[in-house]
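Top to bottom, those sequences are chains A and B.
Numbering-wise (the numbering used here), the first sequence opens with residue -5 and increments by one.
Numbering-wise (the numbering used here), the second sequence opens with residue -5 and increments by one.
No lab work stands behind these hints: they were computed from the structure.
Some hints could be false.
To be verified - In silico EDC-like links for lysine to aspartate or glutamate, alpha-carbon gap of 20 Å or less:
| no. | chain 1 | residue 1 | chain 2 | residue 2 |
| --- | --- | --- | --- | --- |
| 1 | A | K160 | A | E(-1) |
| 2 | A | K172 | B | D203 |
| 3 | A | K160 | B | E18 |
| 4 | B | K152 | B | E63 |
| 5 | B | K14 | A | E(-1) |
| 6 | B | K172 | A | D315 |
| 7 | B | K160 | A | E18 |
| 8 | A | K224 | B | D44 |
| 9 | A | K297 | B | E317 |
| 10 | A | K160 | A | D123 |
| 11 | B | K5 | A | E(-1) |
| 12 | B | K292 | B | D272 |
| 13 | A | K14 | B | E220 |
| 14 | B | K224 | A | D203 |
| 15 | B | K297 | A | E18 |
| 16 | B | K160 | B | D123 |
| 17 | A | K165 | B | E220 |
| 18 | B | K172 | A | D123 |
| 19 | B | K366 | B | E347 |
| 20 | B | K297 | A | E220 |
| 21 | B | K288 | B | E324 |
| 22 | A | K5 | B | E324 |
| 23 | B | K21 | A | E(-1) |
| 24 | A | K21 | B | E(-1) |
| 25 | A | K297 | B | E354 |
| 26 | B | K165 | A | D113 |
| 27 | A | K106 | A | E150 |
| 28 | A | K172 | B | E(-1) |
Fair warning: this is a prediction, and the values are worked out from it, not measured in the lab.
There are 2 protein chains.
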Amino acid sequence: MNAFELYNPTKLIFGADKVKQLGELVKPYGTRILLVYGGGSIKKSGLYDDVLFRLNEIGATVHELPGIEPNPRLTTVNKGIDICRTENIEFVLAVGGGSVLDAAKAIAAGAKHGGDVWDFTIHRATIQDALPIGTVLTLAATGSEMNGNAVISNWETKQKRGMGSKLIYPKFSILDPKLTYTVPVDQTVNGIVDIMSHVFEQYFSLTTDIPLQERFAESILLTVIENGEKAIADGTDYDARANLLLAGTYALNGTLPTGVTTDWATHGIEHEVSAIYDIAHGAGLAILFPNWMKHVYKERVGKFVQYALRVWHVDPQGKNDEEIALEGIEATRAYFTRIGAPATLRELGINDEHLDRMAEEATQFGPIGSFKQLTKDDVVSILTASL
Amino acid sequence: MNAFELYNPTKLIFGADKVKQLGELVKPYGTRILLVYGGGSIKKSGLYDDVLFRLNEIGATVHELPGIEPNPRLTTVNKGIDICRTENIEFVLAVGGGSVLDAAKAIAAGAKHGGDVWDFTIHRATIQDALPIGTVLTLAATGSEMNGNAVISNWETKQKRGMGSKLIYPKFSILDPKLTYTVPVDQTVNGIVDIMSHVFEQYFSLTTDIPLQERFAESILLTVIENGEKAIADGTDYDARANLLLAGTYALNGTLPTGVTTDWATHGIEHEVSAIYDIAHGAGLAILFPNWMKHVYKERVGKFVQYALRVWHVDPQGKNDEEIALEGIEATRAYFTRIGAPATLRELGINDEHLDRMAEEATQFGPIGSFKQLTKDDVVSILTASL
C-alpha cells in the first residue's frame, strides 16, 4: 500500500424529498445565489420550482445560468463567471447531473481567479480560492457531488480537460433517488458505464497488498451491475436508484484511490474522442474500456483473473489464467451490450479520420496510464480496435 | 435504504514516518498544546521524542497529561480539562490508541463546557463547542481517529458511557503502520475483535436493499480476518499492519451505517461488563458476540446465511439455512479462539455475581438493539451463555 491522504469535507444529504432542507443548507453561505442547470428537464419534473421555493424561503436573490451542455463548455462557464462578478454572487448552486456540477465548480473557482479559468486545466494556474458550492444531483454517474474535480471542454481548441482542488468540493450535496426516476434509459446506461469506468481506473492497479481497496471496488461494481439492470427495467425502483446513486458517489469520492497507484488512461483517451465528436462520456467509455482491458491485461493477468472471478463469477474449471481473464473482459463487454451501451465507434458515426490526432493529443505530455504506460502507438491500437 | 447524512471532515494522513508532518498540521490551530498519552510505550518506542521534536519545531508550549487508562476515566479526563483551562490550551493532541483518543475528545469538549463533562454521556447536555483535536494513532482498533465519538468510564458510579458530536472529529489523524509494530499480541487481538465487532453492529441489520453497505462491511471483515492473522504472526509485516489500520478506520468512520438501522446492543452489554470488571473491550466483545449471534439469528436467518457464505465461505451443500447460519457463527468463535481471544467470562475471572445488575444497567432506558430488541431477560440469557 502507498502512503496517502484522505480528506473529504462534503456533507451528503441522502433520501427522498431532502430538497426541503435546501434553504437551511444554503443560508450560512449567503443569499446571493447563482443557480446553474442544464436543459429543461428540471422544469418539467417540478424540481426547478421546488428549488426556487426553498431559496425564496430564505429571501435569496437568485440569478440563473441555464443551458449547461452535456460536455460543459468553457464559453458557458465564462458566462457564469461574469454573472458571479457583476452580481456579487455568494454561493453557486448546481441542480442537475455531473456536467452541471462540473460547470458550477469551474465557475466557482473562476470567479475568484484573476485570469482565464482554462488556466486551471493546463496547469498554468492552481485554484487559490473559490465561491462555496452546493449541489442537488439528478443523475447517478460522475461522482462530482462528492469530490473536488471538474471537467470542461474548450470548443475553440477541441480540448476536454480537468481541474481539481480541495476548494471546489461541494459544501453539501442533496441526493434524492426519486429525482433520478425520470432519467431516460440511455442516460441511465451512460451513468452505469461511467460509474463502472471510474472503478476500473482505480481497480486495475499494479499496487499490491491493497485488499480492502480492491474489495471496496468490487463491492461497487457488483452493486452497480445488479442495480443498474433493475433501474433500467423500472426507473421508479427506489432502492435500485438509491443503490446506483450511492455507488456512483463512492466510485469517485476518494475511497478507492487511497494507497493505490491509479490509471485513468482510458478516461484520457475518451476525453479526446468526445472533445472532437461531443459524444456522451459513458458511451465513449463503454466502447473503449473492454479494448483497453484486452490491450493491457497481460501486464498482470492475476488482477484480471481476480476481477473475472469476483465480479463476474467466471467458472475457473479447466481454464488457464489467460482464459479466465479474457472471459472476465468478455463479460464486461456483454454486460455493456446487454444494457444497451454501444460497442464500436462506428455505431456513433465515428471513423478512423481523427484517430491519429486523438492519440497524439492523449499522449502529448508523454505516455499515459500506470497499469501499462500507453504510448501514442498503444492509443492508436486501442482506438483502432474500438472502431 | 433509509435516509441519511454522511459527513466526515477528518483529514487522514496515512503512511510510514508521517509524524514528520505533525508540526505543519498542528500549527494552524495554535501553539499551546495539551499532549495526551497513555503508559510508557510511546516513550520506549521513541514516538514521544519524535512528537516533542515536531512540536518544538513550531515553537509550541506543550503541557502533558500522561497515564490515560485502557478504559479512560472521568477523573483523568477532568484533570485534562483543568489543564486546558488553567493553561489556555489551544489544541489537544492525542498520541496512542483509542482510549487516549477518546479521553482527548472528552477533554476537548469538556474544556469548553460550563458544567460536568459527564453530562454529555447521560444526555444532560450536548456538546456546543470543543477545542480542536489531532491524533497520532498507535493501535488499530477503535476507529476513534476518524469519528466524533468518545467513551469514558465513571468509576464512582461504575458506568461506561459514550458521547458524540460533529465537533469532536479530529482535525487530522496520522496513521503510520510502523507505529503499530510494537503492539503486543494480546492488544493486536483485542483490536481485531473490536474492529470486527464494529462491523457486526452495523452489518446485522433488518434494513433491506443495502447491497453496497453490506459488501463494504464484508470487505472489512475479510480484510481483517486475513490480515489480522498475518499481523499476529509477524508484527512487523507492514502491509498486514497497514491493512488492519485502514480497515479499523473504515469500520467506524461513518461508511457502514449510511442508510442502515444499526444495532449496538452487544457494545452496550460489554460496556456494563467492563464498567464493573475493567476488562479489555475487545476481550469482552470476543466473549459476547457469538452468544449474541446465537440469541438473535432467527430474527432474520437469511442475513446470517449471507454472512456465513460470503465471510466464512461456509459450504452450503446439503445444509439448511439454519445450519449454514450456525456454522457461520461457529466460524466466528473459532476465529476468535484461533487468534487467542477469550471465549468465556470465567477465563477473565468473572462469575455470575453481577449478571443481573449488568443486565439491569444495560436496559435501564428500555430494550436495546434493533436486529432483535433485547429486554433485560435477553441480556441475562446472553450473559449466562457467556459465563
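Hints, one by one, checked against the model:
no.: 1; hint: K160(A) - E(-1)(A); verdict: holds, 12 Å
no.: 2; hint: K172(A) - D203(B); verdict: holds, 16 Å
no.: 3; hint: K160(A) - E18(B); verdict: holds, 17 Å
no.: 4; hint: K152(B) - E63(B); verdict: holds, 15 Å
no.: 5; hint: K14(B) - E(-1)(A); verdict: holds, 14 Å
no.: 6; hint: K172(B) - D315(A); verdict: violated, 35 Å
no.: 7; hint: K160(B) - E18(A); verdict: holds, 17 Å
no.: 8; hint: K224(A) - D44(B); verdict: violated, 54 Å
no.: 9; hint: K297(A) - E317(B); verdict: violated, 34 Å
no.: 10; hint: K160(A) - D123(A); verdict: holds, 10 Å
no.: 11; hint: K5(B) - E(-1)(A); verdict: holds, 7 Å
no.: 12; hint: K292(B) - D272(B); verdict: violated, 32 Å
no.: 13; hint: K14(A) - E220(B); verdict: violated, 45 Å
no.: 14; hint: K224(B) - D203(A); verdict: holds, 12 Å
no.: 15; hint: K297(B) - E18(A); verdict: violated, 38 Å
no.: 16; hint: K160(B) - D123(B); verdict: holds, 10 Å
no.: 17; hint: K165(A) - E220(B); verdict: violated, 37 Å
no.: 18; hint: K172(B) - D123(A); verdict: violated, 36 Å
no.: 19; hint: K366(B) - E347(B); verdict: violated, 26 Å
no.: 20; hint: K297(B) - E220(A); verdict: holds, 18 Å
no.: 21; hint: K288(B) - E324(B); verdict: holds, 9 Å
no.: 22; hint: K5(A) - E324(B); verdict: violated, 40 Å
no.: 23; hint: K21(B) - E(-1)(A); verdict: holds, 18 Å
no.: 24; hint: K21(A) - E(-1)(B); verdict: holds, 18 Å
no.: 25; hint: K297(A) - E354(B); verdict: violated, 52 Å
no.: 26; hint: K165(B) - D113(A); verdict: violated, 31 Å
no.: 27; hint: K106(A) - E150(A); verdict: violated, 23 Å
no.: 28; hint: K172(A) - E(-1)(B); verdict: holds, 17 Å
The earlier numbered hints that this structure contradicts are 6, 8, 9, 12, 13, 15, 17, 18, 19, 22, 25, 26 and 27.
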